[in-house]
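Note that the protein sequences, when read in sequence, are chains A and B. So the first sequence is residues 0 to 231, counted in numbering that gives the first Met the number 0. So the second sequence is residues 0 to 836, counted in numbering that gives the first Met the number 0.
The calculated label-pair distances, taken between Cβ atoms and stated as ranges, are:
hint : chain 1 : residue 1 : chain 2 : residue 2 : range
1    : B       : R630      : A       : N194      : 37 to 45 Å
2    : A       : D107      : B       : G593      : 34 to 42 Å
3    : B       : E674      : A       : E127      : 25 to 33 Å
4    : B       : D608      : A       : K176      : 50 to 58 Å
5    : B       : K220      : A       : Y177      : 55 to 63 Å
Keeping only pairs whose Cα atoms sit at most 25 Å apart, straight-line, the calculated DSS-like set for lysine-lysine is:
hint : chain 1 : residue 1 : chain 2 : residue 2
6    : B       : K157      : A       : K168
7    : B       : K97       : B       : K157
8    : B       : K168      : B       : K209
9    : B       : K97       : A       : K168
10   : B       : K168      : B       : K668
11   : B       : K227      : B       : K209
Because the hints were derived from the structure by calculation, they are not lab data. We put the beta carbon where it would ideally sit given N, CA and C, even for glycine.
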Amino acid sequence: MTMMKCWLAAALALTVAGCAPRSDDRDDLSRAASKELAVTPVAARPRIAILGDSLTAGLGLPKAAAYPSLLQERVDEDGLGFEIVNAGVSGDTSAGGLARLDWALDGDVRILIVALGGNDGLRGLPAEELQHNLAQIIERAQARGITVIVAGMEAPPNYGRDYIVSFHKVYPALAAKYHLAIVPFLLQGVAGHDNLNQRDGIHPTAAGARIVADTVWAVLRPLAESRRRPPT
Amino acid sequence: MAVRETRASLRRLFFFFICIAVGVAAIVALRSVIQSVRGVFGAEAKSLIAADVLISTSRDWTPDARRTIEGRLAAAGVVERTDTIETPTMVRPEDRSKAVAKMAELRAVQPGFPLYGSIDLQGQTYSPALLAGHGVLVRPELLTAIGVAVGDQIAIGKAAFTIRGLIVKEPGRGMGEFSLGPRLIIAYDDLASTGLLGFGSRARRALLVKMPEVGVDALVKTLHEDFKDDFINTRSFRSTEDQVGRDFDRAENYLSLVGLIIVILGGIAVSSVTRVFILQKMRSIAVLKCLGARSGQIIAVYILQVMALGTAGSLLGVAMARGVIASIPLMLGPSTSILAQAHYGVTWSAAVQGAGIGVLVSLLFSVVPLLQVRFIKPSLLLRDETVRRPRDWTGIGVLVAVSLALVALTAWQAASLKVGIVVCVGFATLAVILHFAGQALILLIAPMANSRSFPLRHAVLHLSRPGNQTRVILLAVGLGAFFIVGVRSLQASLLSEFSLQVAADSPDMFLLDVQRGQADGVRAFLGDPAHGAGAFQLIPVLRARVVGVSGRRTNLETVEAVRARGSLAREYTITYRDHLEANEHVRDGVFWNGPSSEAEVSIEQGIHDRFLIDVGDTIRFDVLGRTVAARVTSVRNVEWRESRNGGFMFVFRPGVLDQAPQTFVAPLKGPDGAEARARFQHDLVERFPNVSVIDFHDVMETVRDVMSKVTLAITVVGGLVLFSGGLILIGAVAMTKFQRVYEAAVFKTLGANTRTIARMLLFEYGVLGSLAGLIGSLGAVVLTWGVSTYAHEIPWKVFAGEHIAGVVLTALLVAIIGVVSSLDVLRNKPLATLRAE
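Next up, chain A with everything else stripped away, as it sits in the complex (with noise of 0.2 Å):
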């Protein structure tokens, strides 16, 4: 049914989009955004994986102008030598995200940053879900001995206020529960700037990533410097 076809690309735009043969060239963003990554021996760096959605994947940038490859330029810059682990998935809700965790924490994985629920709450899933599905996350990441940071999501305001507070409280909640940095919102300086948006009002442009980019080092890059291996 070519419909659904559509609607799989023009879902919700974390969903499950993309399998019609859409000549959707963003070129315009990539160009934008195409700085060299710095190629680094991969063999051994230790990691800090980011275990998000669309937001996290880049939806329509290309990856080098998603946040966690300018977060790694950062940490480059600064010599850190970590690598940074995209985890994102575009459509990804929390319940997602705990069930591929293992394969985002493969190898030497020493912080994870969890950035899920941005579809939850676009979908209206329970926000009780959302924090008990992260919670595991953090468990699971924390019994591993991993740093974990976690950045917080808002729902919009047309989904009510008892859903926007419900949902806003479970991330402070879980940074004080499980002693964690917060990123308090992660999309904070972006959301609802059309100039930093796609199209869909939702996606960061190269830009907007940018300040995410921003955002989120401020919270990490203390805990990076913290991390890091010592040298040999």
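Given the structure of chain A, go ahead and fit chain B onto it with the hints provided.
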């Protein structure tokens, strides 16, 4: 003198008159039906978006944008307008003891909504008063989902609303849009009290516009220009962005094609009878010349006669068309179909066009042979010779003038240019082919003139002697068969395309985000007959990006190199499985059997074509941070239009990705009935809270409804073409009998019996009919290819049945008419015929 001449050959003239009437009637009736069906199509298309033009934005309206729009609307002469806002939100019962919230799609409408179509409610009629004072209309699913009833209050944002009714159907339910919850409709002015709209809210604001149809396209174009850099979209009811729009477009194209063809068919009929009619007069003209009549006088006599008959025949044709059209509703019976809504009258433009063609074509085809009158010598009476005429500039001049008039009449149809070109090129090509086929036929059967069989020998001689009917019949019948078979097979291909879209077993629900651990549970849930779901499928999906290609034609070492190839660098949804779907075909390589620990991938034709990746190449994928290098072992073609279960550019061989993080999506056929569906969703979400259910049953129903109307309309029009086309051909062939009459009588005088002559005629007409049918049908194959590919943009299919039937029926029809129309000659005493001649 014209009157006296007319009286002298009354019977023949009557036949001529009837033939013209049938041709004109066919044109007028079909064109009228097509025009009214088109009108109904337009109304249906408008009710799909509830407006003529829809201007929408996913952001707030800026004052600047509104000002620009207002200016444009005023200039375009907008009659009516209304604003709506749609936003997803959470609703719960106002009664706090029920702690359940459900996502819903809220739509706030002004009293003017909808501009076209209507909101259908269960057991009551919609009026804006129902929404007054915080009333809300809801889809029945919501009641089950949050446990409320009509009359209860629900909380939307900060405000409480009373449920006043249940929505059965609403117009302008954004076709092709995605929704995760049941619809709620509230009054536009109540939206502010909910407090839902603020900074960062996600809402779609739309301005619906009703306006004169002529300005629609221009307005859309202007607004596109105005807002090409903004987040503002404009579409009209004619927009072909979605499937239904494209289908309307194809149906319209088909109708204009049919309109054009019937005009040509009618023209062919009228021309062939006129030509025969005039040729029959040559001897009388010679007699008149012997008696001292001047050429001008004679031409005037016959033109007057033809014109009078043409006009009278055309008028009779218009009257016949009225009768036919008036009887259509009787034949269809009382139905609520699209055709029942159509206006059954002859439209003026169709009548004028039909009659104009009747008169002009008969004039054209009588003037040209009549101009030869000037060269007819009285000696014709004595020596039955063909006249070799010098180049006749007057004749050519008249020919050109009348042809131009005809072209203008035909071009009157606001038909699709593409279709017109395809048809005209086909027409011209086929006419040339038929002309040469006639000559080839004569050469080919010439040896048979020495056959021992008397009927065969003479049939061959008939076909090849000077002044024969071969080419005329070939041309008329061949072109007729070409168009009729072409129209029939186009109809078949359109209808098969439509039925594909409305197949009753298509999935109408979609589950998202089923986790691996839930897959078995969901499978069991869906398979449990108690839940009432139909066919379903669980498809694993993963996300991947291409990071490199090593191949024969394409070598992309780095991510940057991949990015330079544009969309190859985007995030793709991939899957793995060990079978091909019904809508897939392997174009190259071999699709695997069973799992393997080696990574193998099957790519879609589009990837192969666009990025020059072949079987044997290796593609490196980034699957969630891990690189998977997969060898391309096959190229698949996915028939996207039939992709009920989606379609994938990259399909992996099971094995390598089995352990990778993945979720499942599930297209399925949901239970029947709104209540069962609501319970189904409720139960499913209760057990698998993270799973999202997308229900697009209503949208499918709307599409199905519209498509069945369009299908019926096309079937009726196609039936009319077959019927009237058949009549036209019968007339054209039967008219040629007048050339046979004299010969048949002579043969009889010389001792041939009725059977011999019948056999002779059967052979002669049979050969002509078969050849014409064959060429026409082959031409129709090319015509359908041209129209399918260039105008309808649907895959070209050959409907062998239609074409074979075309050849056989044409041959039979021509042979039978040839014999039957000469029956009276065969039965009559030859002397009577000879005297009459």
